[in-house]
Amino acid sequence: MIILAVVNQKGGVGKTTTAVTLAHGLAQRDYHTLLIDLDAQGNVADCLGLETGNDLYRLLFPGMALPLAQGVTPSGRPRLDVVRSDRTTTQLKIALGAADMREYVLDDLLKDASYDVVILDCAPSMDVLHTAAMVAAHYILIPTRLDQLAVKGVRDVLTTLQGLSRISTCQLGAIIPTFYDRQTNESLLQLKHLARHFKEQVWPPIPQDVHCRESTRYGKTLWEYAPQARALLGYTHTRGQSVGGYIQMVDRVEEVLLR
Amino acid sequence: MSPARRKPAEGDNLIDFDPAALRADPAVRALIGQEERLKQEARLSRRQREKVIKERRKIRERREQHTCYDIPPQLRQYIKTLAEELRLPASQIAALALLRFARDWQAGTIDLAPYKRPSRSPKYDWNLELDPAEWGV
Ligand SMILES: Nc1ncnc2c1ncn2[C@@H]1O[C@H](COP(=O)(O)OP(=O)(O)OP(=O)(O)O)[C@@H](O)[C@H]1O
Ligand SMILES: [Mg+2]
Numbered sequence: 000m001i002i003l004a005v006v007n008q009k010g011g012v013g014k015t016t017t018a019v020t021l022a023h024g025l026a027q028r029d030y031h032t033l034l035i036d037l038d039a040q041g042n043v044a045d046c047l048g049l050e051t052g053n054d055l056y057r058l059l060f061p062g063m064a065l066p067l068a069q070g071v072t073p074s075g076r077p078r079l080d081v082v083r084s085d086r087t088t089t090q091l092k093i094a095l096g097a098a099d100m101r102e103y104v105l106d107d108l109l110k111d112a113s114y115d116v117v118i119l120d121c122a123p124s125m126d127v128l129h130t131a132a133m134v135a136a137h138y139i140l141i142p143t144r145l146d147q148l149a150v151k152g153v154r155d156v157l158t159t160l161q162g163l164s165r166i167s168t169c170q171l172g173a174i175i176p177t178f179y180d181r182q183t184n185e186s187l188l189q190l191k192h193l194a195r196h197f198k199e200q201v202w203p204p205i206p207q208d209v210h211c212r213e214s215t216r217y218g219k220t221l222w223e224y225a226p227q228a229r230a231l232l233g234y235t236h237t238r239g240q241s242v243g244g245y246i247q248m249v250d251r252v253e254e255v256l257l258r
Numbered sequence: 000m001s002p003a004r005r006k007p008a009e010g011d012n013l014i015d016f017d018p019a020a021l022r023a024d025p026a027v028r029a030l031i032g033q034e035e036r037l038k039q040e041a042r043l044s045r046r047q048r049e050k051v052i053k054e055r056r057k058i059r060e061r062r063e064q065h066t067c068y069d070i071p072p073q074l075r076q077y078i079k080t081l082a083e084e085l086r087l088p089a090s091q092i093a094a095l096a097l098l099r100f101a102r103d104w105q106a107g108t109i110d111l112a113p114y115k116r117p118s119r120s121p122k123y124d125w126n127l128e129l130d131p132a133e134w135g136v
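The listed protein sequences correspond, in order, to chains A and B. According to numbering that gives the first Met the number 0, the first sequence is numbered sequentially starting from 0. According to numbering that gives the first Met the number 0, the second sequence is numbered sequentially starting from 0.
Please note: incorrect hints may appear among the correct ones.
To be verified - Partial selection, computed: residues in chain B whose CB lies under 7 Å from chain A:
1) ASP24
2) ALA26
3) VAL27
4) LEU30
5) LEU85
Hint data in this document are derived by calculation from the structure and do not stem from the laboratory. Predicted model only: the values in this text are computed from it and were never measured. C-beta atoms are modelled at their ideal positions from N, C-alpha and C, and glycine is treated no differently.
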């Protein structure tokens, strides 16, 4: 079982979109997948067209936690289960703040899980669940927009990761540029800059695409709502090859992280 | 491949300098290359840009016309020499020759029978056997 955490302390960079698209993409490729929402906004349920719920609270609340199998919700898609989150997650975080070994709550929860892949969608904040995600995960994926402020978020995540090195073996899996806009020089500049530093750990960018927002509104994943969306397919390069997009990202996850 | 994925070298004291680690993801490289070319073109004056675009179109169109046949070397050399003598592109001589052949073929004035030999290839029924004495024309 491989655990991937999708993190960036910066908000609105495409974490949830990336986590949901990746989770459903892997489930469609036959991986038994669990997607865990660690954000009190409860966006994962919205993206999948599910009622929001307090699965996370029930699974982690100190002293009265349920076993994983009793707390997950089927997503209505084959091989994809979710742990939903809602406003109760705020109370959960307060309760966890006072608990011993709180950094290990997710690690403990997932110890005996029988999934092929677990994906953790983190909130845009540095809280106890964020730390717990970085402790439980094998790799982090960092979606980032390609502007200077967002790229600073990448540095912050890596600093946080370094700070956890005593209790975590989690490593950088990849940086995933999102909201890529071919028209702006800034996108290209930042992409080059990141690629120069992080080399092959910078994966091909996800094009900016209105289908992302629309699919959430209908409670469908991109695969369901717009299989021809640019955000999935990427750009056509020479000789019909494509570059970028979530299909290529799922390819990379399979090739690089899930061998 | 992510460095995270690479197994640590075991059993020897040599540091593993994986050359792949020094390079960006191939798709990222392709995208950056393509965008830089477009950006460069955007910087050209209108006339220069038109020229680049025209050249690219010419190359693309020529790709359609490009073909590859195996021809006995003496015959190929003959066409080449002829082209030089006549100060013409060899391709156009070859095109004319093929055109004449196609016309004669349609008119029924060409008989392949003297050249035809059964082929052992699963792809073809026949081969045309040209007399080496005729290659140099
Ligand atoms: N590639 C894209 N192109 C256009 N819009 C996108 C793209 N990716 C995501 N979006 C939209 O941008 C908004 C923010 O994305 P998302 O919720 O995935 O980010 P997030 O990092 O999870 O945000 P938060 O930090 O609040 O959790 C959403 O409305 C989403 O539909
Ligand atoms: Mg989110």
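Was the hint right that VAL27(B) lines chain A, CB cutoff 7 Å?
-> holds, 5 Å
Quick one, is the LEU30(B) hint okay against chain A at 7 Å, beta carbons?
-> Hint holds; LEU30(B) Cβ to chain A Cβ min 5 Å, cut 7 Å.
Interface hint status, ASP24(B) versus chain A (Cβ within 7 Å) | holds, 5 Å
Using Cβ atoms only, decide whether ALA26(B) comes closer than 7 Å to chain A, and label the hint accordingly.
-> holds, 4 Å
May I ask you to test the interface hint for LEU85(B) with respect to chain A, counting a Cβ-Cβ separation under 7 Å as satisfied?
-> violated, 37 Å
Consistency with the previously given hints fails for number 5 only.
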